[in-house]
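Trainee: Here are the chains, one letter per residue:
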Amino acid sequence: MPGSEAAAAIICRGLSKTHPGGVEAVAEMDLAFSEGLTTALIGPSGCGKSTLLRLIAGLDMPSGGTVSILGRTPAEQRREGAISVAFQDPSLLPWLTVQQNVALARRLARQEPDPDHVARLIALVGLDGFAATRPAALSGGMRQRAAIARSLVTRPRILLLDEPFGAVDELTRRQLARDLPPLWQGRGTTAVLVTHSIDEAVTLSDRILVLSPRPARIVADLAVPLPRPRPADLDQNPQFRAIASLALAALSCG
Amino acid sequence: MTPRPGLIGAILLLIGWQALAMELSLGLILAGPLEILRWLFEHSGLVARALGRTASNAAAGFLLGNFAAIFCAAIAVLWPRLQDLVLGLALAGFCLPLIAIGPILRVLMGPGEGPQIVLAALAVHFTTLAALLIGLRAVPAVWLDLVHSYGRGRFSELWHLRARAALPYLFAGLQIAAPAAFLGAMVGEFTGAERGMGVLTIRYMRALDVPALWSVALVAATAAMLAHAAIGALARKLLREDPPLLLAPPRVPAARSSLLGPVILAIAVIGLWAAAIRLAGLSPFFAKGPAEVAAALFHDPALRDGLMRALGQSAGLAAAGYLAGLAGGAGLAVLVTLRPGAAGFVLPLALALRAVPIVTTGPLIVLLLGRNALGTVSLVAIMIFFPSFIACLHGLRQAPGQILDLFRVHAAGPLAQMLHVRLAAMLPAFFAAARMGVPAAILAVTVVEWLVTGRGLGSLMALAASTSDYRMLWSAVALVTVIAMLCHAGVAAIERRVLGVYAPEQMRP
Ligand SMILES: Nc1ncnc2c1ncn2[C@@H]1O[C@H](COP(=O)(O)OP(=O)(O)O)[C@@H](O)[C@H]1O
Ligand SMILES: [Mg+2]
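Taken in order, these protein sequences are the chains called A and B.
Counting along the first sequence from 1, when you hit position 60 you're at 60 in this note's numbering, and nothing is skipped either side.
Counting along the second sequence from 1, when you hit position 211 you're at 1211 in this note's numbering, and nothing is skipped either side.
Hint data in this document are derived by calculation from the structure and do not stem from the laboratory.
Certain hints may be false.
What the hints assert, rightly or not - Just so you have them, the derived chain A footprint on chain B, three or more residues with Cβ under 8 Å:
#1 1135 to 1144
#2 1151 to 1160
Said to hold, decoys possible - Over 12 Å on every C-beta distance to chain A, these chain B residues come out as not near it, computed from the model:
#3 His1043
#4 Met1109
#5 Ile1267
The structure displayed is predicted, hence computed values, not measured ones.
C-beta atoms are modelled at their ideal positions from N, C-alpha and C, and glycine is treated no differently.
Make the full structure from the sequences, and use the hints.
Mentor: What follows is the structure, given as structure tokens:
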């Protein structure tokens, strides 16, 4: 099993979630995410990816099964400030500037203020001149980038990214895919990235889980043994194309 | 900003007003702008002192009632199970007949400023609380997820999210509260204060001093409108946005709906009432507890008959005015929407007049319309009319643009749009106004009965207070409060039914 050489940071056992309306989003899922690696989840929309992420973060209670993060419950890890989520919807607070929105995460995680780190991250996501701007004056893609900066500012041990580049334009998306991963990779952060895009999954992750339509099952578990740092023209690489076509094949048979 | 049409309109209004007042037969009940100016000039010191006193009492009550509302709202949002109880108790306070509570507080607190302040606080507490509860919930679920994802709980929710999200709603509530506090303070002054605009109103009403009455009413109305405008300006400055146009506080979804809620509320009200009398050590001659009121209502036929007769006189007038005001407000809103040109003129006028504490000018209106049923009904109707009109107009404009566009694509005219889209969009605002109108109608009818017509519940309560018939007074308070709450609940039940069909998105918890 890919990633099994490292210890598992997140372990899901028999995880199920039936939403109040009776929609079964996740059924009997057994999963382990290796510590320090980035795992991509791809699957058709509505298959239960966000639900799975929320279960891992402990934001929703599972209908069955357990989640264990580094030996403890999600709730305990959240209280330690060990988890960060970049939500599908950027969810910036409209009355705060970009800088204040990013800094808010550190306050919520009970961490010391670190204005330099905040400024660095804002620059890194390409929002250099916009630190003092309110979200209403930003485009959808810019808001998402601010939300990514916010999710990274606490240096989380567990980073959960739910389609973080959904509203970002193609060019910026490629740039972010190159610039952002070093911020958490190689630092022991365990990341789970939900995405629609196969290319993004291959570019960013060490492992790809392809999910079936609802309720989500794992239909393929692919290792991405491409070296890091990954170059900008990675998608020309034959190994990249091979993994991408495997993922596409798995996705299409569902 | 184009002040021109407004300015011209105002000048025309003043001229017309003066001309009417100079018409001899009307001169007995209507004072023109010139007479008012002269009277105010001659009595400026008196009016300034009275206004200062009333304004300071209103301000004290405003602070007290609103701080209490903020406190209650925080409790309700931190412990959602308590929400229905907190809101129910606040509603009970709002449904108390101010003009009977006034004399009771007067006995309790003496001749000072206490009753005025408490009545002002009572007049603002519920509306601000309801607005705050809406605002505190105006937080998308994903923001809450953000707070939870860092392991924080409801105190952080309140501090980082809800408090700030509620600010525009708080200001909108405070804007409505400013004239309400003025009204509460003046009603408090009606019940035997030494100084204030309410005292002047009573004095000149008894003397039928027409120019003085008009002057006092005009000054009171202007002060209330200025307070309303000042809070709006403060909100714009602080929030850098207009406060939401909160017409009547929208429906606060019940935390959980069951029959248990009203039962718990009734027990809480009765328990608090009995405990307050016991703990304050009030004289049994004056203070009547729930048991004595129940005994009086059930075992004293004379008292019961008197009360029922008065209730019969008041209820018809209040209901007629209430329905007329609602229908008039909704009807005019529909007409104005069908003829959009008119809205530009009517809306600012209505917004300004909404800020006038109508009841304080009530004696004048009855003077104009006659000391008969028509006058009373008209006053109640006017009291209900402005909030309903503004709320309905706002609701009509909430119609979803895309659906209206669909109608336009198919060349369906304004009338079809009105029937199929806008009327449904108006319903939530209409019912919000209808609920808030219930206590307002009772307040209006009792004040007029007390100050002017000498009939019905208002007069009965005033008489009971002046003859120290405290059994009657407390019984009347209990009866009126229960009826007001039942009517409020009845309107809310109709609202749930109707909105369940026409606006199900409003019914989500
Ligand atoms: N809070 C909820 N209540 C009811 N059903 C939900 C809720 N959240 C998600 N669902 C349903 O669960 C399924 C999976 O949703 P989600 O996890 O958001 O999918 P994805 O993120 O893969 O697009 C969908 O059918 C969705 O409609
Ligand atoms: Mg999703």
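Trainee: Would you mind marking each hint as holding or not holding in the structure?
Mentor: Now for the hints, and whether the structure bears them out:
Coverage of a stretch by a chain is defined here by at least three residues with a beta carbon nearer than 8 Å to that chain's beta carbons; for the region 1135 to 1144 of chain B and chain A the count is 3, and the condition holds. Residues of the region 1151 to 1160 of chain B with a Cβ under 8 Å from some Cβ of chain A number 4, which satisfies the need for three, so the listed coverage holds. With a least beta-carbon separation of about 48 Å from chain A, His1043 of chain B lies farther than 12 Å from that chain, consistent with its non-interface assignment. Listed as outside the interface, Met1109 of chain B is consistent with that label: its C-beta sits roughly 42 Å from the nearest C-beta of chain A, beyond the 12 Å cut-off.
In this structure Ile1267 of chain B is separated from chain A by more than 12 Å, as the shortest Cβ-Cβ distance comes to about 32 Å.
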